[in-house]
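Q: As given, the protein sequences belong to chains U and Z, one line each in that order.
Position one of the first sequence corresponds to residue 454 (our numbering), numbered consecutively onward.
Position one of the second sequence corresponds to residue 1489 (our numbering), numbered consecutively onward.
FYI, nobody ran anything at the bench for these hints, they're computed from the structure.
Just to be clear, a hint being listed does not mean it is correct.
Derived DSS-like pairs: lysine-lysine, alpha-carbon spacing no greater than 27 Å straight-line [unchecked claim]:
hint : chain 1 : residue 1 : chain 2 : residue 2
1    : Z       : K1694     : U       : K745
2    : U       : K634      : U       : K669
3    : Z       : K1684     : U       : K745
4    : Z       : K1691     : U       : K745
5    : Z       : K1670     : Z       : K1934
6    : Z       : K1674     : U       : K749
7    : Z       : K1662     : Z       : K1499
8    : Z       : K1674     : Z       : K1934
9    : Z       : K1663     : U       : K749
10   : Z       : K1674     : U       : K745
11   : Z       : K1934     : U       : K749
12   : U       : K745      : Z       : K1670
13   : U       : K745      : Z       : K1663
14   : U       : K509      : U       : K566
15   : Z       : K1691     : U       : K746
16   : U       : K746      : Z       : K1503
17   : U       : K509      : U       : K490
18   : Z       : K1684     : U       : K749
19   : Z       : K1672     : Z       : K1934
20   : Z       : K1499     : U       : K746
21   : U       : K540      : U       : K566
22   : Z       : K1694     : U       : K749
23   : Z       : K1503     : Z       : K1798
24   : Z       : K1672     : U       : K745
25   : U       : K749      : Z       : K1691
26   : Z       : K1934     : U       : K745
27   : U       : K749      : Z       : K1662
28   : U       : K591      : U       : K487
29   : Z       : K1662     : U       : K746
30   : U       : K746      : Z       : K1663
31   : Z       : K1694     : U       : K746
32   : U       : K746      : Z       : K1684
33   : Z       : K1662     : U       : K745
34   : Z       : K1674     : U       : K746
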Amino acid sequence: MKHILKPRKTTFIFILLILSFSVNAQWNIPDYAKNTKLPTEPTYKLTETGKQLFIKNCIQCHGLPGEGKNNTAINAPDLGTADYQSKHNAGQFYYQFNEGMGFMPSFKDKLNKDDKWSITFYVKSFDKGFKITGEKIKAENCVIDFKTEDSARTLIATANIIDKNGISKPAEGVEINFFVKRIFGNLPIGETVITDQNGTAVFKFPDNIPGDENGKIKIIAKFKDSDAYGTAMKSAELNWGTHLHFVNPVLERTLWGPNNRVPLWLLLSFLIVTGSVWLTIFYVVFQITQIKKAGK
Amino acid sequence: MSEVIHKDNKKSLSKIVDDLTKPLKRHYGFTPWILFLTAIMALGIWAYIIQIRDGLGVTAMRDYVSWGLYIASFIFFIATALIGMLISAVLGLIGIKWITPIARIAEMIAIGFAMWAGLIIIFDMGRPDRVLNIFLHGRIQSPIVWDITVVTTYVAISLILYLLPLIPDIPFLKKTMTDQPKWKQKIYAVLSFGFKGHTEQYKLIKRLTRIMAILIIPVALAIHTVTSWLFALTLRVGWDSTIFGPYYVTGAFVTGGAAVLIAMFIFSRDFRLKEYITDFHFDKMGKLLVLLMLVYLYFNINEYLVPAYKMKTLDEHHLFGLFTGKFALMFWTVQLGGLIIPIILMLFKKMRRPTPSLIIGIAVVTGAFFKRYLITIPTLLHPHLPIQNVPAEFSTYWPTAFEWSITMMAVAGAVLIITILAKLFPIMPIWEIAHEEGITNEEINKFVEEKNN
Chain U
454 MKHILKPRKT
464 TFIFILLILS
474 FSVNAQWNIP
484 DYAKNTKLPT
494 EPTYKLTETG
504 KQLFIKNCIQ
514 CHGLPGEGKN
524 NTAINAPDLG
534 TADYQSKHNA
544 GQFYYQFNEG
554 MGFMPSFKDK
564 LNKDDKWSIT
574 FYVKSFDKGF
584 KITGEKIKAE
594 NCVIDFKTED
604 SARTLIATAN
614 IIDKNGISKP
624 AEGVEINFFV
634 KRIFGNLPIG
644 ETVITDQNGT
654 AVFKFPDNIP
664 GDENGKIKII
674 AKFKDSDAYG
684 TAMKSAELNW
694 GTHLHFVNPV
704 LERTLWGPNN
714 RVPLWLLLSF
724 LIVTGSVWLT
734 IFYVVFQITQ
744 IKKAGK
Chain Z
1489 MSEVIHKDNK
1499 KSLSKIVDDL
1509 TKPLKRHYGF
1519 TPWILFLTAI
1529 MALGIWAYII
1539 QIRDGLGVTA
1549 MRDYVSWGLY
1559 IASFIFFIAT
1569 ALIGMLISAV
1579 LGLIGIKWIT
1589 PIARIAEMIA
1599 IGFAMWAGLI
1609 IIFDMGRPDR
1619 VLNIFLHGRI
1629 QSPIVWDITV
1639 VTTYVAISLI
1649 LYLLPLIPDI
1659 PFLKKTMTDQ
1669 PKWKQKIYAV
1679 LSFGFKGHTE
1689 QYKLIKRLTR
1699 IMAILIIPVA
1709 LAIHTVTSWL
1719 FALTLRVGWD
1729 STIFGPYYVT
1739 GAFVTGGAAV
1749 LIAMFIFSRD
1759 FRLKEYITDF
1769 HFDKMGKLLV
1779 LLMLVYLYFN
1789 INEYLVPAYK
1799 MKTLDEHHLF
1809 GLFTGKFALM
1819 FWTVQLGGLI
1829 IPIILMLFKK
1839 MRRPTPSLII
1849 GIAVVTGAFF
1859 KRYLITIPTL
1869 LHPHLPIQNV
1879 PAEFSTYWPT
1889 AFEWSITMMA
1899 VAGAVLIITI
1909 LAKLFPIMPI
1919 WEIAHEEGIT
1929 NEEINKFVEE
1939 KNN
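One chain only, chain Z, in its complex shape (with noise of 0.2 Å):
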């Protein structure tokens, strides 16, 4: 079907580079976004400041719960980044054509927050000036040591596979950017690598992204698995689980699935391409998200179920707590809210729209927030032996104003990230949809040039 309305209605190369070259010069909305974002991480370095000055007792964190807020979202962040495995190499790999115009965008969402990923495990440290000391001495039998090692791969990675499709376009920005600030036009040709639109450079740039493509998989699977076993190494009620890995990996897709629908929504709509990100690919997004959540909805029933069925007596408490007990209403609305009900509405192809996508797609992720919040707290109020002679404050978590600042100071931050470079670059291959309209590397050299002149 894409590949028909596609050739319906060809666009010119001229259109599409101005189509995707435009929102990078405007600017409407953009300063007050901006200082939307500056402001909420204005707020969240002050809070840091405090925690750093008064120490980590500014959390609600105490001997019992010592993973809090920090911790469940390093877990949603490292979740959200996966998308871009999955988006631009798996489906990419296969041959898949309707993610041409959302794999950047996927790529985007993973390095913005696989990057504030690593911060979060610093802002939960109550001396991170000696963070350093993990490298220096820490223990490769530690899944925390292992943990560090595939953030960092992954980021890396991520980066490479986000500038490799990046290289061919730069040409095109070099030439329709000459009214921008110096700084940028000095970013493009550093960026720029000598690219001159050869055959044998896109040949090595296609041969590079292949090979970047498959290693992010492994790698992918690889930071996912080892982020759940940071719990599942452990004899804890609720994380002792052999299916903690796989658990996690669809996890994370659903939730990086989720919020490439809404940024899909916003880019098209703020940036007005939605000529480009058409209802053709919400609907295929949708239908992939609700494969995605099935998966993880089988996962979720073996996870609860079959310890809910032996019912150990340790195990007991804090099944009931999730069932019926404190955590109750959290989790019934996220099991409801943020899985079944979007599974049963995306089933239907009004809802895969773009508008019923955006409210899906915020109710999945959020949904996801607090369903990583679910799995790190309860947990640790059972400890195996039973609390006591402690202050009362010990057996309960809330997290305080602070850890929220803080919290939100990286989600901002990642936004701030994927703005940034929705501002320096555009969002989509430009190279890539003019092949797919049929435009020859040839024809996309002449163009190059003759704008030059």
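Looking at chain U on its own, in the form it has when it is part of the complex (with noise of 0.2 Å):
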């Protein structure tokens, strides 16, 4: 049992307890944050942009909210229980992230407001009193599809959305990557590209891209968030990528070949030495036989 705390350990968090009381333990968030006035409806869009922003900026501290991921090394909550939720609202909770205290960073000049309220839409959604309108997008209902310009080497896609009565609508704001297809899995190429209103988006293919002896290539079109729009996919195969010359070692004359492709110098080397050295033996034992006639 006495092993449990080791030396090391102890000090850690002993370290740890100090820092957090010689700052402010405590969270000051005055009144009129309650009362703040959302800029805007809360909608399903928004709370998925929201998702995104918080993976890449908050994930590392506190994991997703509600799967208990979050680091409690350095005390930091998990943003989804119910207990956090129901004593926080929205304004509550954005002046929260916003402000900072202590190993919580202050988020005051690293995200822009409308990023800041998306956070805070996403992380209100898991309570469930907290409203949220606008039509919420089934990964099933998305289909992506993509057009390409042979003369530019350009990609048009498009993300649609099929809602309640089956009929399609474009997808805005929709992120796609594209992929080459190779022997080991999908090769990302180019950056990713958003949808516009119209739910098409442009990619310039670019014109480097290996493809077999005849420039042939699988391209891949995929939602960048699949878990939001589905792991829906088109693809195509075309020439535009560059032709391979692939020249195959083992058809090279070299050291570990086979005997009919020895390199040349060797085969020379080996043939001019042990050729010139059994020409002289058979001269000289040609000559023996002449001994009688020099006798004569």
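Hey, can you piece these two chains together into the complex? The hints should help.
A: Here's what the structure looks like:
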């Protein structure tokens, strides 16, 4: 039992304690924060954006809300618990992470207002009483497609969402990634593109991607956020790749090759050396048979 | 000095011929000796049959040590064979006279050991029946193909270089060996190639010998350099060295030089040729051996000191294994007893006399054999990836009785070839010795014909 608290660990915890006491360990949320007016209606679309931002900025300490994967060593709480949600409304939450405290950094200058509100809507979406409007995207209802413009090597991707009535509507602000199929998995190429209000995004295909001997290449388009939009994908085979000149080293003349692919310099040296030595030997043997003649 | 000695007590042609052909007829101790060699070989053949039947599992070679006693002996045999080139080609071409009575002995050693070196590679093969595949499917990129090519070439050149100076000796044999079995006489008849002692014929033979002597120098260097490359072209600790070629070549001269000393002793005593292989020859050969050993010592210092100064991690395991570890006893015995002490001793004239020469020669040859062992095995016990999760026997190696028997068969086989050659043909060129004694071709021809009548 005495081994559980190792000296090093104890000192570490000790320092943390001192640190957490030395900073003001109390959240001081002014009353006005509670009454902050929401700048826009919270929509599902905004919570989606908020989720992406949360993943980028907060997840390493807090984990995804409600999953309990928060970093307890620095006392960062899980923000999805019913307890936290019931005690903090959107305005208070916004105030907390905008200001920061102790190990909790301030995001005042790091994110713009829209982004901070998206995060707020996302985190508050774990509060059952928090009302979110707009349409909730269902992954299976999202479709991806692209057209090619050969002359400019351009890909025009379209993202659509099919609603309850089976009508397809363009999806705006959806991130789409392009890949090239390689032997082992898909190689991401270029930057992520975002669809405009018509649900289309333009992607300029680079001209230095190696294809097969004919320049054939398989291009794949996917939604970047597969959680929200699903794993729908679209692929096409194009000959936009560079032509591959594959020289099989096994077919070259090498030291490790089989006998019929011996390097020429070696073959020549071997033949010249052995040949000249054996020619001399044969010459001498022949001359030995001439000894009798020389005696006449 | 040598010329003076020879001129002081001139030998007559009939005495020379008598001295050199008598051993071919006189056979005391010959039968027991041949029986002894055959017994060793029979044991080896039995061991080899078992090895073929049960596979290479009867050896101590396992996954890590996959080159064992056989390959170590292979290098040793090639090394011993190299002396033929140094003595009959290099020294002969510079015109050094004292080698005349020992050049043919060196050539015999070369033939015996080079031939068996080729066989040892086959002993090391799990499927010797597939040996032809090396020629059919061998890759020219592979050092083993170079090695097989160059070993074959060296054996061929050594044989020619042995036979060529033998031709002018055949007339002597034809005349003196009339009481010998028919098959021997047939061999002599074939090998005379119609030689009649004509000046033109002498000229031709000398010219051809010269060509072969020049040709054998690069081939001999190649044979041992390629052998060293079998090791040095890998990335293994202890083998990955740029001086491995010259290191092997000089090591080979040391081995062969010592082997020649041993052979000189045995032949001069057993064949009663002390008048021809004198203390003077032992002294000269001893001096040559000291020079060769010093050069070899220099390469040894480079080969061990340079990596030891840097002590890369893997080198460290390897070198400490040799200096203070598992192999330390063998390593220091070989380096001190087989190299450093012989060098110091042979600096003294007294130690270059026949009997001390024989003892030192044996020490050097034995040391050289185990030196090849130390080059081959410790490296294999230090693979790049640590040895783990394998049976305990994988991480050690000591040759089994089967390996020793087969290796001893190779040694006996090489000695047997030398013995047979020494019994079929004079071990020294009668005609060259006669020429050195001032005897002319006319006198030789007259002598040969006289006897005939």
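Q: Against which earlier hints does the structure fall short, listed by number upward?
A: Checked against the structure, the hints that fail are numbers 16, 20, 23, 28, while the rest are satisfied.
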